[in-house]
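Make a model of the complete structure from these sequences and hints.
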Amino acid sequence: MKTTDSPKTFHSSSGFELRSFYTAADIPSSHRERAQGEPGQAPYHRGWHATGYRTKPWRIFQLSGFGKPEDENARIKFLLKNGETGFIMEHDRNTADHCYNVDHPEVVARREDVGLTGAVMQSVRDIAICLDGLPVDTSFGHAGGAVVQHAPFALAGYWTVARKRGYKLREIAGTGQSDFNLTYLGCVTKQQIPTDAGLRFNADIIEFCGEHLPRWVPVSIAGYNAADTGLNPAQELGTLFANAVEYLDEMKRRGTVPIELAAKGCGGVSFRASIHIFEEAAKMRAARMMWSDLLRTRYGITDPKTANLRIHCVTAGSKMTYQQPLNNVVRGTLMALGAVMGGVQSLGVSGYDEALSIPSEHAHQMSVRIQQILQEETNVCAVTDPLGGSYYIETLTAQLAEKAWEFFDEILAQGGYLACLDSGWLHARAAENQHREFMALESGEQHVVGVTCALDDESPFEVDGFVGTDDAFDVATERLNEIRRTRHEAGACAALKKLESVCRSDANIMPAMMDALEAEVTLGEIGDVYRNVFGDWNTPIQT
Amino acid sequence: MSETQKRILMAKTGLDGHWRGPTIVARALRDAGYEVIMIGMASTDDIVRAAVDEDVDLVGLNIGGHIDVALRAVRAVQEARPGLAIFAGGTVPPHAKRQLEALGVEVYPPGSRLSDIVDAAARLTGG
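If you're matching them up, the sequences are chains A and B in order. Taking the numbering used here, the leading residue of the first sequence gets 1, the next gets one more, and so forth. Taking the numbering used here, the leading residue of the second sequence gets 1, the next gets one more, and so forth.
Mixed in with the good hints, there may be bad ones.
Claimed, not checked - Under 7 Å between C-beta atoms, here's a sample of chain A residues computed to sit facing chain B:
1. Val188
2. Gln323
3. Gln324
4. Gly535
What the hints assert, rightly or not - Calculated lysine to any residue pairs in the SDA-like style (CA-CA distance at most 25 Å, straight line):
5. Lys8/A <-> Gly444/A
6. Lys190/A <-> Asp46/B
7. Lys190/A <-> Ile37/B
Keep in mind the hints are simulated off the structure, nothing from the lab. Where a beta carbon is used, it is the ideal one built from N, C-alpha and C, also for glycine.
Have a look at this one:
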């Protein structure tokens with residue numbers, strides 16, 4: 001390749017100017033001693049355990065779901081058969097995110113959308129169909145309550161089904177996510193409970209799990225949803241920890257569960273693994289270091305089991321291209337490699353058809369295969385923190401943490417994370433970055449293969465968007481009518497009334513939610529209670 | 001100038017909250033001098049009402065769901081405002097793109113250049 005003497009500068013995604021090579025002198029002095037540490041030692045940037053993936057490979061954990069609950073069940077079984085080591089239930093977004101039943105006018109107006117990106121689950125009966133034969137006892141399950149107002153329903157539904165199948169709540173492991181970044185920043189829905197009510201819900205879930213579900217990750221803050229909306233890696237980190245302190249300060253105020261237990265409940269997070277793979281690996285290292293520092297300095301927590309951040313990662317969906325989609329297999333592999341070089345505990349790889357649709361069966365299989373090839377063939381599992389000690393990576397790790405704390409301080413100075421969601425400040429930061437990224441593509445400063453350069457495509461494969469089933473709306477309508485006809489109506493009404501009175505009080509909503517699911521109260525009825533009691537969030541952006 | 005400023009209605013056909021794409025496009029169109037009326041997640045009825053009431057020169061649809069929902073909105077707008085141009089973007093796989101194009105809708109899938117979208121707006125509004 002021709003050499004050039006042009007003065008082009010290189011930057012990381014977080015805006016650091018990159019040197020052409022690094023030496024020991026580049027590592028910030030504050031980080032030099034830490035860079036000498038070992039995996040399993042605070043502040044854990046080198047990993048959570050000395051033997052790393054040798055003793056515990058990362059969990060293969062793919063987002064999955066569409067159609068009717070039985071369609072989703074079949075896809076999850078397909079993934080498990082192919083080697084997935086946990087499973088995720090995705091609820092239909094039209095109904096779930098808004099807590100609507102399928103007969104809500106907003107849903108009826110878009111009936112063909114129903115079931116396109118997740119199965120419709122309006123009652124515990126639907127959740128039971130979706131979970132039929134799935135290993136809720138031995139596997140790590142994701143109940144699919146990604147959106148804050150939906151989480152209590154999704155969790156209570158999952159737990160109720162598990163209990164009916166004879167398992168004790170104490171035994172089951174999983175998460176429901178309940179993520180503010182998704183709900184209030186990345187995917188702003190048409191209607192949502194206000195952020196203060198959302199904080200109460202999440203605190204209630206943390207409290208309930210603290211008492212009854214020791215193996216459950218009650219809330220999982222998703223940096224992913226902040227990053228894929230536009231925040232850069234340092235901002236993603238700063239936002240995630242600003243979110244975490246909002247939960248932990250509330251738990252401290254309540255004083256109902258020990259702060260160590262609450263911190264453990266907040267310590268299973270997810271990040272985006274994007275395409276600048278060294279920076280992304282450094283981000284996972286910085287995240288563990290920041291969590292350990294945060295818990296020690298703000299809450300006095302040093303217990304390794306709590307101070308050790310557990311990270312799930314999803315490769316960046318927005319980096320997957322519509323054009324020449326098979327190239328995305330390569331992108332998925334590289335982003336996955338960046339994540340595991342950063343020592344994550346769990347990983348989902350976006351489908352190669354991500355820009356076209358939800359994953360086809362084949363795309364899903366490839367997302368699993370990519371991870372199996374990494375685990376079985378590349379030897380990346382042999383050595384923990386393989387990038388540790390690299391002048392470049394240690395420098396980036398320290399720089400990312402420093403810049404992330406600055407962003408964290410900026411958020412707290414404006415009243416905290418919730419205030420920055422309410423005001424739209426975080427949305428504006430994301431939009432600025434989106435615009436900059438697009439302009440870099442427009443100007444030719446940044447290239448994407450198959451999109452802005454290398455445009456010829458000789459692929460013999462046609463990749464078209466996956467469309468699941470066409471009967472999700474009709475079947476969900478029938479099932480809604482059936483449950484109204486066949487449930488014990490007085491019991492359902494009483495449970496709903498109890499839930500409403502609990503919502504109006506300061507009591508934890510989860511026991512009443514469990515009773516409501518048991519009594520076969522439906523999602524839309526619960527949503528109506530929320531809308532009456534809490535009202536709507538005043539969305540800071542037009543979406 | 002403001003009297004001749006062209007007006008573009010932008011709406012999302014689905015209940016899906018992803019807002020990156022339409023926000024970027026709206027900004028590019030505003031920067032190019034258009035008045036953009038964003039109504040966000042909107043049903044077919046909402047879109048038709050806004051297209052008529054706001055007397056827009058062009059409709060932009062962000063599609064994140066099933067193509068039949070988008071096609072219904074397109075047909076309804078075409079019936080209410082014959083000849084009004086419509087363009088679309090979003091998660092539009094090839095089979096859906098062909099169906100939209102058959103109704104005369106220009107489609108800009110992910111990876112489209114903003115400058116191409118702005119040029120299309122000029123052409124479609126007769127600018």
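Now for the hints, and whether the structure bears them out:
no.: 1; hint: Val188; result: holds (5 Å)
no.: 2; hint: Gln323; result: holds (5 Å)
no.: 3; hint: Gln324; result: violated (10 Å)
no.: 4; hint: Gly535; result: violated (19 Å)
no.: 5; hint: Lys8/A <-> Gly444/A; result: holds (13 Å)
no.: 6; hint: Lys190/A <-> Asp46/B; result: holds (14 Å)
no.: 7; hint: Lys190/A <-> Ile37/B; result: holds (17 Å)
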